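Asker: Each chain is listed here by its residues.
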Amino acid sequence: MNFVPHTENDRAEMLKVIGVKSVDELFRDIRPELRARSFNLPEGKSEFEVIQHLKKLSQKNATGLVNFVGAGFYDHYIPAAVDALSGRSEFYTAYTPYQPECSQGWLQSIYEYQSAICALTGMDVANASLYDGGTALYEAAMMAVRLTGKKKIIVDSGVNLIYRTMLYSYTFNLAVEFVETPVVHGQSARDDIFKQLDDTTAAVVLQNPNFFGAIDDHSDIAAKAHGCKALVIEAVYPVSLGMLKSPREMDVDIAVGEGQSLGIPLSFGGPYLGFMAVKKELVRQMPGRVVGATVDKDGKRGFVLTLQTREQHIRRHKATSNICSNEALCALRAVIYLSLLGKQGLAELARVIYDKTEFAKSVFAKIPGAQVKRSSPTFNEFTVQLPKNADEVVCSMIEKGFACGFPLGRFYKGMDNFLLVAVTEKRTKEEIVKLADSLEAMLCA
Amino acid sequence: MRLIFENSVAGRCGFKVAPAGVAPAHLPEKKYVRARPPELPEVSEVDVVRHFTNLSRLNFSVDTNFYPLGSCTMKYNPKFAEKIAAMEGFTDAHPLLPQLSGGGILAQGSLEVLYQMDKLLSEITGMAAFTMQPLAGAHGELTGVMLIAAYHKHNGARRKYVIVPDSSHGTNPASAAIAGYEVIVIPTDKNGYMDMQEYKSKLTEEVAAVMLTCPDTLGIFNPKIKEIADLAHGVGALMYYDGANLNAIMGKCRPGDLGFDVVHVNLHKTFGTPHGGGGPGAGPVGVCEKLLDFLPISRVVRRQDGTYMLDYTKRKTIGYIAPFYGNFGVILKAYAYILFLGKSGLIEASETAVLNANYCRASLKDRYESAYDKPCMHECVFSASRQTEHGVHALDIAKFLIDRGIHPPTIYFPLIVKEALMIEPTETESRETLDAFIRIMIEIARLAQTDPERIKEAPLTTPVKRLDETKAARELDLCWKSKS
Amino acid sequence: MNVPQQLFYTKEHEWVKIDGKTATFGITDYAQSSLGDITFVELPKVGQDVAQFKFCATVESVKAASDVFAPLTGTITKVNPDLPAHPEFINQSPYEKAWFAVIEIADPAQKNNLMTAAVYSEYVKGLSA
Chain A
0 MNFVPHTEND RAEMLKVIGV KSVDELFRDI RPELRARSFN LPEGKSEFEV
50 IQHLKKLSQK NATGLVNFVG AGFYDHYIPA AVDALSGRSE FYTAYTPYQP
100 ECSQGWLQSI YEYQSAICAL TGMDVANASL YDGGTALYEA AMMAVRLTGK
150 KKIIVDSGVN LIYRTMLYSY TFNLAVEFVE TPVVHGQSAR DDIFKQLDDT
200 TAAVVLQNPN FFGAIDDHSD IAAKAHGCKA LVIEAVYPVS LGMLKSPREM
250 DVDIAVGEGQ SLGIPLSFGG PYLGFMAVKK ELVRQMPGRV VGATVDKDGK
300 RGFVLTLQTR EQHIRRHKAT SNICSNEALC ALRAVIYLSL LGKQGLAELA
350 RVIYDKTEFA KSVFAKIPGA QVKRSSPTFN EFTVQLPKNA DEVVCSMIEK
400 GFACGFPLGR FYKGMDNFLL VAVTEKRTKE EIVKLADSLE AMLCA
Chain B
0 MRLIFENSVA GRCGFKVAPA GVAPAHLPEK KYVRARPPEL PEVSEVDVVR
50 HFTNLSRLNF SVDTNFYPLG SCTMKYNPKF AEKIAAMEGF TDAHPLLPQL
100 SGGGILAQGS LEVLYQMDKL LSEITGMAAF TMQPLAGAHG ELTGVMLIAA
150 YHKHNGARRK YVIVPDSSHG TNPASAAIAG YEVIVIPTDK NGYMDMQEYK
200 SKLTEEVAAV MLTCPDTLGI FNPKIKEIAD LAHGVGALMY YDGANLNAIM
250 GKCRPGDLGF DVVHVNLHKT FGTPHGGGGP GAGPVGVCEK LLDFLPISRV
300 VRRQDGTYML DYTKRKTIGY IAPFYGNFGV ILKAYAYILF LGKSGLIEAS
350 ETAVLNANYC RASLKDRYES AYDKPCMHEC VFSASRQTEH GVHALDIAKF
400 LIDRGIHPPT IYFPLIVKEA LMIEPTETES RETLDAFIRI MIEIARLAQT
450 DPERIKEAPL TTPVKRLDET KAARELDLCW KSKS
Chain C
0 MNVPQQLFYT KEHEWVKIDG KTATFGITDY AQSSLGDITF VELPKVGQDV
50 AQFKFCATVE SVKAASDVFA PLTGTITKVN PDLPAHPEFI NQSPYEKAWF
100 AVIEIADPAQ KNNLMTAAVY SEYVKGLSA
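Protein chains in written order, with numbering that gives the first Met the number 0: chain A, 0 to 444; chain B, 0 to 483; chain C, 0 to 128.
The set of hints was computed from the structure by calculation and includes no laboratory data.
It is possible that some hints are incorrect.
To be verified - Selected chain A positions facing chain B (Cβ under 8 Å, derived; list incomplete):
id, residue
1, 53
2, 78
3, 219
4, 325
5, 344
6, 355
What the hints assert, rightly or not - In the DSBU-like style, the derived pairs of lysine-lysine whose C-alpha atoms are separated by at most 35 Å in a straight line are:
id, chain 1, residue 1, chain 2, residue 2
7, A, 399, A, 55
8, B, 152, B, 118
9, B, 470, A, 279
10, A, 279, C, 44
11, B, 201, A, 228
12, B, 223, A, 20
13, B, 289, B, 199
14, B, 289, B, 364
15, A, 317, B, 373
16, B, 251, B, 201
17, A, 365, B, 201
18, B, 364, A, 296
19, B, 313, A, 150
20, A, 55, B, 251
21, B, 470, A, 228
22, C, 20, C, 96
23, C, 62, B, 470
24, A, 228, B, 152
25, B, 417, C, 10
This structure is a prediction, so every number in the text was calculated from the model and none was measured.
Using N, Cα and C, we set each Cβ at its ideal position, and we do this for glycine too.
Working from the sequences, and respecting the hints, build out all of it.
Answerer: Right, dumping it as structure tokens:
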């Protein structure tokens with residue numbers, strides 16, 4: 000079967016119309032010396048067998064752990080309506096909406112997604128999505144280089160190391176210079192950033208909350224940067240924007256982030272959702288697809304892909320980015336999620352997460368030998384200094400059924416005893432207390 | 000339809016947040032907190048469900064319509080793959096778990112999928128190994144060009160140029176430029192092949208790579224492909240294979256055997272994963288032996304005891320291309336698809352894709368001008384030039400097809416064909432579906448001569464008629480704004 | 000096709016009006032009609048040096064982006080302040096309302112590299128044939 004509907008008769012009739020004797024004749028341009036030297040694959044299986052095989056594999060992944068690992072990727076509850084609606088195949092089996100008259104569902108959804116991202120970040124314009132938070136950050140940095148004509152980029156080391164590594168990987172063959180500034184008392188180091196800021200600076204790259212969970216108000220950095228005609232790029236955790244100061248309120252120029260926490264499963268690293276929102280005067284240098292509202296010839300509102308002259312299929316090597324496929328289906332999940340929660344729900348969710356995190360901090364602070372870092376306020380994630388190697392602690396807590404946090408020594412030198420603990424609305428008071436008790440028992444043993 | 004924002008009623012909410020169950024904490028200082036909550040819609044769950052269900056019904060999709068969109072391989076997306084990707088063991092896996100000490104044991108299932116896909120794709124394309132990290136086809140191209148740049152840099156070679164033919168996808172020159180190269184464009188000769196004279200004259204020791212799609216965007220397989228590769232290798236340049244059209248050749252030939260050094264594969268095209276209105280895709284990249292050490296990290300390796308682990312050994316790696324291991328959910332669906340079809344199924348897919356495209360070509364070539372008059376591979380390209388004489392353009396033909404319930408072919412691409420109509424039926428469409436499409440295309444050719452206005456007024460059956468794209472670009476409205 | 004007599008022209012379809020030491024330029028009626036509805040224009044900056052037949056501005060329609068080349072070498076002394084907000088002027092009035100910029104001419108002899116209205120008219124006829 001293999002989803003090929005043809006009968007023997009169909010094939011014979013079709014070959015007759017084409018005027019060849021066999022299908023192989025159609026491949027005659029692939030001459031014998033060009034033919035595949037090997038194609039050693041297993042033969043096909045039935046649907047039942049494939050499902051059984053993959054069910055077995057899925058069970059080899061641990062799912063029962065109580066998860067306190069975040070580090071930018073969070074275990075949030077996903078309302079059933081998100082799966083039900085994004086699972087409609089009129090959405091997921093469509094392509095990029097090149098033909099607007101038969102793609103209004105997709106185009107309007109993307110316009111609504113762009114509007115929701117603008118509402119969250121306070122920015123003027125959002126694109127239709129990028130691959131993930133890290134590639135969004137890289138695209139933002141390149142945008143700043145194009146807009147300013149300058150090459151130096153200051154990167155706060157509170158930005159997720161995964162994203163910083165991606166940024167450096169992508170630019171190794173380009174003339175872009177990066178300067179990293181430290182984190183002091185949990186927050187962006189003003190002195191160091193201001194020392195580095197000068198007329199050659201294209202952008203300052205920040206994250207809020209930063210990788211250590213600390214929250215900040217970057218308004219002062221934005222003001223100084225703008226004085227040097229540099230742009231400010233901030234990576235944000237979208238759920239936190241139910242409570243925290245928005246990028247716009249800090250006068251950030253380009254807001255980016257990972258949208259996974261907006262109704263997208265963790266799925267072992269993807270597909271995720273890179274979002275980007277900018278001030279309106281920067282829109283022509285923004286990468287990615289954009290949907291705009293217009294009218295049809297009867298004056299009725301409709302939606303189209305617009306500003307396509309920025310894109311690779313028109314501008315080719317002069318395009319603002321090479322992106323073609325994006326993460327539209329994940330963007331759809333995000334706008335459905337944000338519509339369900341709405342103005343009130345997102346604010347409540349943010350508050351619940353904040354309260355639980357503060358509770359966890361107070362419980363962890365009581366563990367003998369553990370020290371919760373309190374030099375700066377946090378939102379959903381915090382660091383604990385342990386009396387022993389955090390990596391080993393995490394390893395032994397796995398046996399107790401907890402993924403108790405992310406050991407910071409993996410990403411930061413000299414932080415081997417530090418643990419980064421994330422709390423979502425899914426973690427209960429009981430789980431938090433039980434984790435603290437188990438940690439205490441283990442540390443004191 | 001109204002926007003979800005326009006259905007908003009203050010105080011309404013479609014989601015119940017469980018109470019924190021702990022004492023309320025002091026809020027952070029005011030300077031850290033936003034002045035007002037974000038202006039998201041205030042609607043009920045029913046509102047949301049009805050809104051997005053109704054929106055979905057305004058789309059053409061593979062599950063509702065024939066969708067011969069050239070170069071996009073809109074084949075059927077099997078439902079069992081969706082079921083597998085929704086298995087909890089896969090959806091709930093946190094990507095950082097295997098990076099914790101002793102955490103490898105927590106993700107053996109996912110790691111095995113990645114490992115097996117690397118092996119399967121390597122065999123299908125004849126490459127030494129694949130990285131699963133690239134998140135889409137164009138992302139794979141960028142990764143591939145970065146690998147090539149790293150290779151040349153390592154060998155101390157200063158190379159400035161990447162060669163692409165003028166029939167290439169726009170992503171090829173864009174990817175090369177973004178990776179820091181200047182692009183040299185080679186024209187297509189009168190037979191639809193890359194102009195060899197021009198190619199030879201531009202091929203110098205300053206060329207880093209030649210990027211080709213084979214079969215190309217004209218649906219033509221270039222029989223001189225080996226010669227092109229040999230010439231490139233002769234000056235030390237590497238060959239890049241854009242796998243967008245892999246659906247034409249599975250089991251027939253392999254880029255690795257043809258002399259390509261780097262390959263990307265669009266899992267969302269060839270391996271039946273859904274395109275999702277523009278994504279997510281996945282664009283794994285395969286390399287030949289000499290580029291292995293440059294691949295992004297981490298890599299999944301199998302231990303002697305049959306378990307899997309992440310290898311972070313740097314060697315000469317270009318670094319991280321994605322935050323983790325690629326678009327795992329997409330890779331998983333493609334893996335299920337390959338297991339289901341198996342060797343014979345994949346060959347049958349390519350053979351039937353080519354059969355279907357040639358059937359369309361043969362049935363329409365008397366009515367439409369062929370871009371190049373020769374048998375095609377998985378897609379056929381016509382020009383609407385005969386219809387244009389009557390004032391009917393490719394765009395008009397596209398809109399008329401919509402009224403007949405068919406998603407239009409790709410139009411105005413490749414750029415080198417005037418009024419291009421690029422038809423890729425794929426292997427999952429029946430003869431009856433193709434015949435219905437052919438009948439409508441013949442009707443259009445007839446109407447273009449007798450009653451062109453009928454075509455030019457299309458579409459009439461859609462939720463909106465032709466939209467004013469000039470207004471959209473001149474008076475940008477990209478975001479809903481609250482009236483208050 | 001409107002080709003005013005008193006102007007000079009380039010192969011890339013720019014027009015130029017020479018007034019002593021300065022020259023005003025834009026794109027021709029033929030250029031605007033082949034591009035279709037112009038949606039965006041990016042002009043050079045005042046004080047910028049431009050070189051004859053080299054890139055100096057961009058015009059865009061919905062589906063195409065097109066480079067505009069300076070007709071003469073020199074320094075930009077003035078740009079049309081209304082044009083960026085009204086790209087439709089290029090379609091409506093390519094030779095009057097839609098002037099792009101004024102150049103202070105560096106080398107008056109470069110005029111010899113330009114076409115007269117009569118030559119340009121013939122050139123355009125050749126293109127559409």
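Asker: Identify every previously stated hint that the structure contradicts and give their numbers, smallest first.
Answerer: Violated hints: 3, 11, 14, 17; rest satisfied.
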